[in-house]
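Chemist: Okay, here's what each chain looks like letter by letter:
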Amino acid sequence: MLSMSRRKVGGWFNRSLPFWLILPTILVLLVTQVYPGIYTIWLSLQARQPTGWTFVGGNNYKRLFDMGQFGESVGHTVVFLVGFVVVTLVVGFLFALLLNRKLYFSGLYITLLYIPWVIADIIAGLVWRLLVVPDYGLLSGITQNPLFFPPNGLSILTAVPPRPWLGAFPFPPAPAMIYLIMASAWRALPFITLLLLAAMQTVPSEIVESSRIDGARGWQVVRFILLPLMLPTLVVALFSLTLSGMNGVGMIFSLTNGGPGTSTEVLSYLLYSIGWTQREFGRAAALAMLIAVVNWLLILGTLRVSRVEERGA
Amino acid sequence: MKRLWSLSTFIVLIALVLTGCVAPAPAGSTPQAGADAGAGVKDFVTWYQYDQNNEDTKSDERVGNEYIRKTIPLFNEAFKGKWNWVNQPKAFDKMGTELITAVQAGGDVPDLMHIGNSDLLAFYQNGTVQDLTEWAQAQPWFKDLDPNSVTACQGPDGKLYCIPVAEAPQLVFVWKDRFPDGYPTTPADFMKQAEALKAKGLYAITFFGSTDYDGEGMSRFFWTAISSFGGKLDDGKGVMTLNTPANVAAIEFIREIVTKGYAPEIVFAGKFQEEEAFKDASAGSFPTGIFGYRYVNPLTAPSGKKYEKKNEEDMLDAIAAGDVTLAPFLAAEGQKPGCNNAVSAFTIPTGAKNVDAAKDYINWIMGAEQNPAWVLGPGGGFPALKSIQSAESFQTPFYKEAAKVVAASNCHPWYGSLERRQEAQKLIVTTIYKLIKEDPSADIATTLTAAEAEYNKGN
Chain P
4 MLSMSRRKVG GWFNRSLPFW LILPTILVLL VTQVYPGIYT IWLSLQARQP
54 TGWTFVGGNN YKRLFDMGQF GESVGHTVVF LVGFVVVTLV VGFLFALLLN
104 RKLYFSGLYI TLLYIPWVIA DIIAGLVWRL LVVPDYGLLS GITQNPLFFP
154 PNGLSILTAV PPRPWLGAFP FPPAPAMIYL IMASAWRALP FITLLLLAAM
204 QTVPSEIVES SRIDGARGWQ VVRFILLPLM LPTLVVALFS LTLSGMNGVG
254 MIFSLTNGGP GTSTEVLSYL LYSIGWTQRE FGRAAALAML IAVVNWLLIL
304 GTLRVSRVEE RGA
Chain C
5 MKRLWSLSTF IVLIALVLTG CVAPAPAGST PQAGADAGAG VKDFVTWYQY
55 DQNNEDTKSD ERVGNEYIRK TIPLFNEAFK GKWNWVNQPK AFDKMGTELI
105 TAVQAGGDVP DLMHIGNSDL LAFYQNGTVQ DLTEWAQAQP WFKDLDPNSV
155 TACQGPDGKL YCIPVAEAPQ LVFVWKDRFP DGYPTTPADF MKQAEALKAK
205 GLYAITFFGS TDYDGEGMSR FFWTAISSFG GKLDDGKGVM TLNTPANVAA
255 IEFIREIVTK GYAPEIVFAG KFQEEEAFKD ASAGSFPTGI FGYRYVNPLT
305 APSGKKYEKK NEEDMLDAIA AGDVTLAPFL AAEGQKPGCN NAVSAFTIPT
355 GAKNVDAAKD YINWIMGAEQ NPAWVLGPGG GFPALKSIQS AESFQTPFYK
405 EAAKVVAASN CHPWYGSLER RQEAQKLIVT TIYKLIKEDP SADIATTLTA
455 AEAEYNKGN
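As they're listed, the protein sequences go chains P and C.
Taken in order, the first sequence gives residues 4 to 316; the numbers are from our numbering.
Taken in order, the second sequence gives residues 5 to 463; the numbers are from our numbering.
It is worth saying that the hints were derived from the structure and are not from the lab.
Be a bit skeptical, because a hint or two may be false.
Claimed, not checked - In silico DMTMM-like pairs for lysine to aspartate or glutamate, Cα to Cα no more than 25 Å straight-line:
1. C:Lys241 / P:Asp138
2. C:Lys264 / P:Asp138
3. C:Lys461 / P:Asp69
4. C:Lys275 / P:Asp138
5. C:Lys313 / P:Asp138
6. C:Lys438 / P:Asp138
7. C:Lys98 / C:Glu65
8. C:Lys340 / C:Asp321
As the list claims (entries may be wrong) - With the Cβ distance kept under 8 Å, some of the chain P side facing chain C (calculated, not the full set):
9. Arg10
10. Arg51
11. Gly110
12. Leu160
13. Asn260
14. Gly261
15. Pro263
16. Gly264
17. Trp279
18. Arg282
As the list claims (entries may be wrong) - Quick look at which bits of chain C chain P covers, simulated, 3 or more residues with Cβ under 8 Å:
19. 116-129
20. 209-219
21. 273-283
22. 421-430
Just so you know, even glycine gets a beta-carbon here, dropped at the ideal spot from N, CA and C.
Just chain C, with the same shape it has in the complex:
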């Protein structure tokens, strides 16, 4: 009896261990996907930061969510009997790393992923994405792409690792009544108007000034300011060059804004809370990405007029009503207003199972019928295809004004030839933060030299 008991215990334990070792079902094979797909129809899996199942009308990502929700049936109809689109929503600040680890671990990867160009180098260095050069060059839409957007999708080896669809430059949202003589065009003019606003208990500007998200403020405001002073962060060969007269002047300018109280304290709070000061018009201007119009709401104009739909229409309504205007940032003497330009693109990960579907999808989106909707939806900017820029969807007051602003600015990605972008971003933003907020008496040139030396040691 004792032996029988021992034997059964042993068998149960071994069974448990063996059951635990059985491979789990692939994550992509959700019941929904399986149910929708008919015989011979293959799933086409995408990763977007948008969630088709989130129908919350107040969600920050409402525009993208709705786009995906409406477009999935259209795609499935267009490729009926061939592909079934399964979108897996991912957190915007984690999806890049999730993809890299999934590729390295041999896990499930999507067939296509929506990315920003700032992630591309990390993908390239980690062998995460496929070379699309030959295929893309053979497509009819390739020659129509803005060359700047193509450059943003190239790796250091000159090959194309993503397909650009939209460009999102930075510009300044301005409460018109706070700057009755127009938004300042020079640093001196800015300081004068800022002082006048301060006397009324108001702030001239709010911006992403914290070190949050490992230096996200770099692409949002700091680069705008630095490039408007003619500054650069690299020598074109991957070496960081922070201590330049133009960079020092730009940081002195930002430092003055902070120390003189022309910007509210919430600038440094992080988590995008600097937007609050623009929403209630306590700050007169807000330099950020063109896509910012979706997130900054509800709004209360200086006149007290409220825009309270609590979605992207608030900003568009305020622009149409003339309460908010768009402007290029100011510029130092002899310089053009600068700004960062982010590219929204598609990439096909290494190990994607359904590359044909991904290529069909890209061609579908690059067509004249689907492209404007994508650019207005997930893209949140201007079309990378030059022929689409004149489409009717981009002739609204908002887009017309934005186009003028971008034409008056010199927009390009902040990182230049720097290869360790995320590390550089955090280091530079932390350094600038210390100079403008933590220790406003520190010598700017010395501090910048130390920071660039720290980065260049890793080259």
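The following block holds chain P by itself, in its conformation from the complex:
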């Protein structure tokens, strides 16, 4: 009788063991992902009064759309994301191509290349800022010299953006935005380069060699052999860059603080500003929800494109 009930308990335990094993992960996900997500949705529908939270429905979203700064920030975000992702991917790919060749001291180059990645983005931003502080920066003597940037020289951090070509869309961007893209790409470059280099080194040399025997040259090898075979890694790189570009605020905070004016104020910085400086947590939560939706759309879009590409390849 006893051995039968023991066997029953043992059977139940064995059957439910997988559940118990994944329970800690589920609990961690509930606490760190699900609860904050639900809380943010709730918060986005509330406004704070001295007596406590009050339900305001979609008013936080409405107030967000009423802000002139919101539309501007969307434009800045698009410009920043496109610039950051394209520059980092293209330069990263070129660096990976170079390092993939049998160069002398390539180990040393890779080590040096890795330096920006280990510097905190706040520190990196400060260093880039110190280079071009108007009149007093290390490089401002060059950038503000009319000989190099006619007719009046260029004060990168304070120069106003050119008049937009397409209505209110902030293109061409302000020099500070271009500088911010360069600084952000500089910092992201090591990871992307190494990621692409690793992927490049997994491409079988026989395939590359046989394509050359078949007459493929330079760009053709890259376009028809390397790129298709590296596609899964490129998608990962694209993911990583898009999400870090969309949500990162450290570099902007230390390099431009959203300026000059609002010309480098992207959505993530606006979120910081509304939540942390203006202390309007309801409106900040509404913006956080919108950013989350954009993130999901970007991820879905990237996945979709990569599936189509994979099928095509």
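Got chain P sorted already, so can you dock chain C onto it with the hints?
Modeler: Just chain C now, kept in the frame of chain P:
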């Protein structure tokens, strides 16, 4: 064996999860605090932007750091066997939000926090601070407070949510040699002297002109200029009114300064870097808070004389030597020079554990013995207690000159009846920035109307 292995794995995992759920030790119970406190002695926790452990003599916050370091033993001695002061240093631009979130999340809050009055409304709206009206009115020092400072500590319901200790008005630091005929008193006079300085390759003025820190420039220069033209930003009932003739005239004046090159480009760089142009005397004047004397150093006078102690003494020495003078800002015809007045105060957060200690501390600081040191240290301005204003500590050349300047000015907080101060500040400064720098040809009145409409939609 297999079952035993599975069972042990299961037990270890459950143990790990349960251990992770155990509440962490409260942040305030640092080893230092625990070690210092004897039996029956309770910790009294404060949040200041100053760090008693930072002994860097070149730190920007050296004065406040040193004050806290020296005063902790004095307080602990005065309240021996009762309270043990534990100061937790916080970043000046984040401590307000940290307090609000700590109160809302039911986290650890200090027993007392040093604040500026511009934060008060956010605290009030978020239910972050305690009503101190009854207690304060019963204290002997209450009737001695400057009524303006009391008003700055009141919430919209008329109750007192902070205790004012120091007032920090704005004034203009001036390199005397750059303005041999004295600092201009009218806009026309300013433009004339600015043109003369420009001809010599110099700038008449540097100011906080960027949109940094969500519009910090509002309280530093823009309000000084607007109020000196008789401008106002609200109708007294919480409605923003930007498009007024006086405001338009003030912005036209600032726009002219910028477009004619009377101010250096670093004005727009942010992060307080506009100070650089005053430090090397390339700019002749610098409107900012009275506390600015601590931060603007080292200095090189127009004569080439250097003040290089790299602390607050540089500015005080330059003033004593007559190289730097203090002046009220200019004013439009029929107006008095305007300026912002910030109040430095104490507040007791909702959920504070040791309110009695906080009240003892406030009474201790409001006493004649401790008050001047606090005002000179963390306060960085004039005493809010009228009887202390005549104390010997405030009879130095710097304070005497500053007192004259403030008496000649009309200083009051920029926000008036506007309730969403941080939002208003950012919106107004961004609008002014666009008008003076980004698009100097834009119609000022139209742009101001659009900005006020955007704010008032949220009322």
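Chemist: Next step is simple, just say for each hint if it's right about the structure.
Modeler: Verification of the supplied hints:
Between C:Lys241 and P:Asp138 the CA atoms are separated by roughly 44 Å; this puts the pair beyond 25 Å, and the hint is violated. Only pairs whose Cα atoms come within 25 Å are accepted, and C:Lys264 paired with P:Asp138 is accepted, the gap being roughly 18 Å. For the suggested pair C:Lys461 and P:Asp69, the alpha carbons sit about 8 Å apart, so the restraint of at most 25 Å is met. Of the pairs offered as hints, the one joining C:Lys275 and P:Asp138 holds, with about 15 Å between alpha carbons and a cut-off of 25 Å not exceeded.
A C-alpha spacing of about 24 Å is found between C:Lys313 and P:Asp138, which places the hinted pair at or below 25 Å, so the restraint holds. About 22 Å separates the Cα atoms of C:Lys438 and P:Asp138, which keeps this hinted pair within 25 Å; it holds. Distance restraint check for C:Lys98 and C:Glu65: the Cα-Cα separation of roughly 16 Å lies within the 25 Å cut-off, and the hinted pair is therefore satisfied. A C-alpha spacing of about 29 Å is found between C:Lys340 and C:Asp321, which places the hinted pair above 25 Å, so the restraint is violated.
Taking 8 Å as the C-beta contact cut-off toward chain C, the hint placing P:Arg10 at the interface is violated, the least distance being around 11 Å. Interface hint status for P:Arg51: upheld, as the beta-carbon distance to the closest one in chain C is roughly 5 Å, under 8 Å. Because the closest C-beta pair between P:Gly110 and chain C is about 39 Å apart, greater than 8 Å, the hint is violated. Interface restraint check for P:Leu160: the shortest CB-CB distance to chain C comes to about 5 Å, inside 8 Å, so the restraint holds.
A hinted interface residue such as P:Asn260 counts as satisfied when its beta carbon comes closer than 8 Å to some beta carbon of chain C; here the least separation is about 5 Å, so the hint holds. The restraint placing P:Gly261 at the interface with chain C holds, with a minimum CB-CB distance near 7 Å, inside the 8 Å limit. Against a cut-off of 8 Å between C-beta atoms, the interface hint on P:Pro263 holds, since the closest Cβ of chain C lies about 6 Å away. Taken as an interface hint, P:Gly264 checks out: its beta carbon lies about 5 Å from the nearest beta carbon of chain C, inside 8 Å.
With a least beta-carbon distance of about 5 Å to chain C, the hint placing P:Trp279 at the interface is held under the 8 Å criterion. A distance limit of 8 Å between C-beta atoms decides the matter here; for P:Arg282 the minimum to chain C is near 5 Å, and the interface restraint holds. Counting residues of the region 116-129 of chain C whose CB falls under 8 Å from any CB of chain P gives 3; the rule of at least 3 is met. Given a C-beta distance limit of less than 8 Å, the hint that chain P covers the region 209-219 of chain C holds, as 5 residues qualify and 3 suffice.
Judged by the Cβ-Cβ criterion of 8 Å, the region 273-283 of chain C is covered by chain P as claimed, because 6 of its residues qualify and three suffice. With a threshold of 8 Å between beta carbons, the proposed coverage of the region 421-430 of chain C by chain P holds, since 4 of its residues qualify and at least three are required.
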